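Trainee: Residues per chain, in single letters:
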Amino acid sequence: MLSFMVNQRLIQTKEPPGMVLLEFVRDVLRLTGTKEACREGECGACTVLVGRPTEAGSVHYDACASCLVPIGDVEGCHVLTVEGLELDHAASAGRSESAVLKPLTLVQELIVDNSASQCGFCTPGIVLSLTGFALNCDGLSLDDAIDALDGNICRCTGYVAIRNAARALSERLAGLSGELNARLPALVEAGVLPRYLLNIPQQLAEAREQTGQVECVPTGKVVLVAGGTDLFVQKPAALLDAELCFLSHRRDLDFIKEEAGELCIGAAVTLERLRRDPLVAKHFPSFSHDLALHSSTILRNKATLSGNIVNASPIGDATIMLLALDAGLSLQAADGSVRQRKLREFFLAYKKTDLQEGEIITAMHLPLLAQGERFSFQKVSNRVTLDIAAVNTAMRLRVDDRGCLAELAISAGGVGPIPMMIKGLEPLAGRSIDALLVEEVAKIAFDAAKPIDDIRGSAAYKRGLLGQLVRAHFAGYLQAEVER
Amino acid sequence: MKAKAAMKNDDMLMHVRGTSRFVDDIPAPEGCLHAALYCSPLARARLLELDTAKAAAMPGVLAVFTHKDVPGLNQVGHILKDQPLFAVDELEYIGQPIALVVAETRRAAYRALKKLEARFEELEPVFDPREAAAKGMLHGKRRVLLRGELDEAFSRAAVVAEGRLSSGPQEHFYFETQRALAVPGEHDTLKVYASAQAPGAFHHHIAEVLGIPQHKVELDIRRLGGAFGGKESTAVWVVAPALAAFLLNRPVKLFLERNEDITTTGKRHAYEYDYRLALDADGKILAFDVELFQHAGACADISPAVLGRSLLHASGSYSIPNIRIAAQSCRTNIPPNNAFRGFGVPQGSLIIEAALSHAAELLGVEPTWLKYKNLLQDGDVLPYGVVIEAGTALRCWQTLDQKVDLAARLAAVEEYNREHVDSKRGLAVVPVCFGISFAQTALNQASSLVNIYVDGSVSVSTGAVEMGQGVNTKIQVIAARALGIDVSQVRIDSTNTSRIPNASPTSASTGSDLNGMATKMACERLYERLRGFAARHLGVPDESVISIRDGAIWVGVRRAELSWEQLVKAAQWARVDLSEHAFYATPNLYYDLELERGRPFAYYAYGTSLTEVSLDCVRGTYTIDLLEVVQDIGESFSVPVDRGQIEGAVIQGIGWATLEQIRYGKDGRVLTGVNAYKVPDIKFVPKHFEITLLDQSQNPYAVYNSKAIGEPPFIHGIGAYFAILHALRSVRRDKPLPPLPLTPERVFMYLHEEP
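Protein sequence lines, in the order shown, are assigned to chains A and B. Each residue of the first sequence is one higher than the one before, counting from 0 in numbering that gives the first Met the number 0. Each residue of the second sequence is one higher than the one before, counting from 0 in numbering that gives the first Met the number 0.
Simulated from the structure, these hints should not be mistaken for laboratory data. Note that the coordinates shown come from a computational prediction; the quantities given were computed from them, not determined experimentally. Any given hint could be a false lead.
To be verified - When the alpha-carbon atoms are kept at most 25 Å apart in a straight line, the in silico SDA-like pairs for lysine to any residue are as follows:
1) B:K682 <-> A:D112
2) B:K7 <-> B:N674
3) A:K449 <-> B:K665
4) B:K682 <-> B:G167
5) B:K665 <-> A:Y349
6) A:K101 <-> B:R490
7) A:K234 <-> B:A107
8) A:K350 <-> B:G672
9) B:K114 <-> A:D137
10) B:K686 <-> A:S140
11) B:K113 <-> A:G190
12) B:K402 <-> B:D377
13) B:K665 <-> A:Q233
14) B:K682 <-> A:N135
15) A:K234 <-> B:L670
16) A:K350 <-> B:L670
17) B:K665 <-> A:A237
18) B:K686 <-> A:K101
19) B:K114 <-> A:A167
20) A:K350 <-> B:D377
21) B:K734 <-> A:S312
22) A:K101 <-> B:N674
23) B:K113 <-> A:K101
24) A:K442 <-> B:P754
25) A:K101 <-> B:D377
26) B:K682 <-> A:R272
27) B:K734 <-> B:L255
28) B:K686 <-> A:S457
29) A:K449 <-> B:G162
30) A:K13 <-> B:G59
31) A:K101 <-> B:D485
32) B:K53 <-> B:L255
33) A:K234 <-> B:P40
Said to hold, decoys possible - Cβ-Cβ distance ranges computed for the label pairs, FRET-style:
34) A:Y349 <-> B:R731: 50 to 60 Å
35) B:P735 <-> A:E356: 27 to 37 Å
36) A:Y349 <-> B:A157: 28 to 38 Å
37) A:H288 <-> B:A410: 29 to 39 Å
38) A:E425 <-> B:P735: 40 to 50 Å
39) B:K80 <-> A:E356: 54 to 64 Å
40) A:K449 <-> B:L592: 15 to 25 Å
Don't be surprised by glycine CBs; every beta carbon is placed ideally from N, CA and C.
Put together the whole structure using the sequences plus the hints.
Mentor: Written out as structure tokens, the structure is:
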């Protein structure tokens, strides 16, 4: 029996944990405001907010693609669908245009004011994404609002009006507290959210007392879900009947800390949390931008670094970034024993890794950059946002006191069966960083690339592109040196 | 009228709450079954044997239907009867329906699909439209539109631009995939709720396949979650569940999963082009000779009509005294392509724009200058014989130029390109001249049923289908205006074949022109009738002094003590008919297919746009920086709706021109599912996107001076192709024009691959 809340209702259900939330709200609860349009997290029509209790006793809401969130994952959580946004009549007297309909929330009102809805099929998702932005975005700038909408496609392509609505929202929310915990009451007062949300933390806590803590005990048979944004695209039917456990329930693995010259990232940390973490921003300032290219907000709110690695896609963005950083992995066996492995040793063949039966990644370790060390990530995809790269590559480069090359590591995706390191760069140590060196490295990379023709591009394109992206790595480095 | 033009689409109030009902949101009737299609896995084959027994024996499965179960005609062909609902023995494309599984749940239906067993004899497919043309595999005849003396004109040319080009397919990606719910009623009747653009045609298809009279079928359409033409002609996904519901006497729902929809439904047609354009030394177009190869797919569907529109628009917005346009609809083994916003006009407009860009290089002038020099003016004759009158092509262009200063913009781009190696900029000006009316004259008809109820509220039914384009909003404004009441008194009812029979599809941007005009006519008759009654009721001898406005009755300038509601109530009691049906057929339309001459369009929609881009030469990527659009929309019923239509059409057009690429496997399979077919997202849209509505525009040919808006602005989207091309040609010109869409891959290869 699974227990969670949807809007104002406490749900107890015997539906399988692998049933996706979208199916549950539409077909079981018959809440049809959440729309199905792709089932692969590509469109955002099914966006809902998932509120997870925090240790501090509040509830943290993230906009998620409900087509890729299994209901087992939201156990003990609060799910907010568009139906749950109805304000009380008393909440904003006089704003309602009809005696029958309850008043619109501020987000809904601004979408209507700006005519930011045409056929309407994407609209509930956009309402929820913008509401999620109001709830959990530190900045509340227009750019932040647009980031929040990066997974919401509107095929009527009414983006100018949607952007206008987002701008109006950002302006209306300006001055709201940056402190997220303090924000909820303010958002209720501003008519962004219904009042009952204030009671949700307590209701969830009471429900939890009855049902007990949610556990995540991985064993050999159990499928471990580390976000699931790829898993539930690949085999949703098989997962419906599978035994699952969810990393999102492992609070002990939800950490980011600095330790012994490394940044340690727990396996349960989502990409979006990583992207916004101050410690990450301090040591790897480009991550905020680089990780935004990985997917969309509604996917990054679920997707994890560990999942990206275990998925072993030859083109995973986060994997490519970590490879060049020479990240390490902590791997924990079912008996609790832990071994360490370098990421570069982890990928054995196409979609095959060194992960043993019953073993999970518990943490990733990113060596901090030394003095004179630089990191660069490059990706080209058909569409810039929410698209799989044709080629991606990361470079870590360290110069010595004389300004000569001390160490060079380049990873590349989309050019072979596994996320790979470009080999044969060691002899270049000691060289000065000039056009000659750049061309030599580009040629080594070009020669190392063994891409295939596929839907991301022709082999010739990907090979040529890798060479160009290596040049772009250095151009960025040299530009930064000039600016220094 | 100005105040009314701020009218918004009031469906939005439901959209934001998630309460608007699309087909799958209608509460499923008791005992509703689910259907799934078993389709051909091969592009061309003979079906030797189909074993349905295992699938039929699966848990939860009620039936597996094939062509043998069709009680009526096994046909859903739209223009030609060449498209069986279920394949009999010939398989002509991957995704062609063979059988329909009906089960208690959707999951059970999909599970059972895997248990269907078939044997095939594989045959050699054809995927290349030029090859199909060479083999004579065509839908219909090759059409040739000829005007003037081609050979003589080419002999006088200062330059001749000659080449080939191709443009790619485009997936509709309407958010609501193809779907329908069919519910059987008493007396062998059937009610079908569908996501469909063509109520009349689909209604007919259902009855024909079931072998029952149309009066036993009621097709009801509330709204579509997007359509863009993709729900206009191919009726399979509406007819198939109707058949199952009819045969099983149970409600049946069918809806396609996203990737099923992408891989098995029609798309915008890819085209191949051969062109020759002659200019004199002053840059005047002397002659244009073009051959269009339309990649139509396995069945005619609506392709010949799309081809016709390409043919009629291949001269773009330009005056071309000598022209030959030849066009062939090529039969190939891919799913039959169909209508998509613009309906062949984007493809037709593209080739003249490309030829002009090419010719400008040869003459050593700017394409912008060349286009302006040849822009259509009053008195110019279009290839099929229409003389331009009251055209606004020039005024749109000049309005744009005044706003942005094209010469200065061009100079800035050139200066940037001189100073930069690794990045370039480009711009393109694209004029639009888009004929409005169905080119098929017979389709230019519509009717409207207006009911006034005793409480004063008004219900309007038309054949128009709301799909987010705001046609209901416009009709609501028209009805309110014609009756002299507030829009809140008017509700637009669903599109229903029992109220409005034989309706033309809502397409060709004619939805509000046709249905709005019929509504205006019906409302005007009611208005006259009520005015006459009001005169008698008020004892005013001269009814011409009576008027109804703002929901009140006026005698001259004096407001009578009689509200709209009171008037209606009294009229009903006095046995006055408060219901009216009106019919509108666009006058003076004709076209002779033998001569390729006529007046196929009621009027033309004009516009001009500027597109600016930045090109990253290192990575082969680009961004669209700026869009400035001037569009002639006449007098708008709703500026917010019309702006939304312009913005949406332009961005969708840019998608076609840049990102949206379908890749096929060697076997003809569509490889680009939802995770690879990328449409524009919010970050793709340029930060600077401004629209100027042409002022003081008149249009006597449409209802209340309005102008069609759904499709014409799509053409501006090709400006992205030409702006990127401009930047690319500043790098190198030793290659022919690259194909459309200009994806980052193609841009990269253009820049970095040796010719």
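Trainee: Quick one, are K665 (chain B) and Y349 (chain A) close enough, alpha carbons at most 25 Å?
Mentor: Status holds; Cα separation ~23 Å.
Trainee: With a cut-off of 25 Å on the C-alpha distance, tell me whether K113 (chain B) and K101 (chain A) pass.
Mentor: violated (47 Å)
Trainee: K682 (chain B) and D112 (chain A): Cα distance at most 25 Å?
Mentor: holds (22 Å)
Trainee: Need the status of pair K686 (chain B), S457 (chain A): alpha-carbon distance at most 25 Å?
Mentor: With Cα atoms ~31 Å apart, K686 (chain B) and S457 (chain A) exceed 25 Å; violated.
Trainee: Is the hinted pair K402 (chain B) and D377 (chain B) satisfied, with a Cα-Cα distance of at most 25 Å?
Mentor: holds (23 Å)
Trainee: Can the restraint linking K449 (chain A) and K665 (chain B) be considered satisfied, given a maximum Cα separation of 25 Å?
Mentor: Answer holds: K449 (chain A) to K665 (chain B) is near 22 Å, not above 25 Å.
Trainee: Given the hinted pair K101 (chain A) and D377 (chain B), is their Cα-Cα distance within 25 Å?
Mentor: violated (54 Å)
Trainee: Are K53 (chain B) and L255 (chain B) close enough, with their CA atoms no more than 25 Å apart?
Mentor: holds (23 Å)
Trainee: Given the hint that K234 (chain A) pairs with A107 (chain B), does the C-alpha gap stay at or below 25 Å?
Mentor: Cα-Cα ~16 Å, so holds.
Trainee: Run the distance test for K665 (chain B) versus Q233 (chain A): straight-line Cα separation, threshold 25 Å.
Mentor: holds (24 Å)
Trainee: Does S140 (chain A) sit within 25 Å of K686 (chain B), going by the straight-line distance between their CA atoms?
Mentor: Roughly 15 Å separates the two Cα atoms, so the pair holds.
Trainee: Assess, step by step, whether the Cα of K101 (chain A) is no farther than 25 Å from the Cα of R490 (chain B), and give holds or violated.
Mentor: holds (20 Å)
The structure shown violates the earlier hints numbered 2, 9, 11, 17, 18, 19, 20, 21, 22, 23, 25, 27, 28, 29, 34, 35, 36 and 40.
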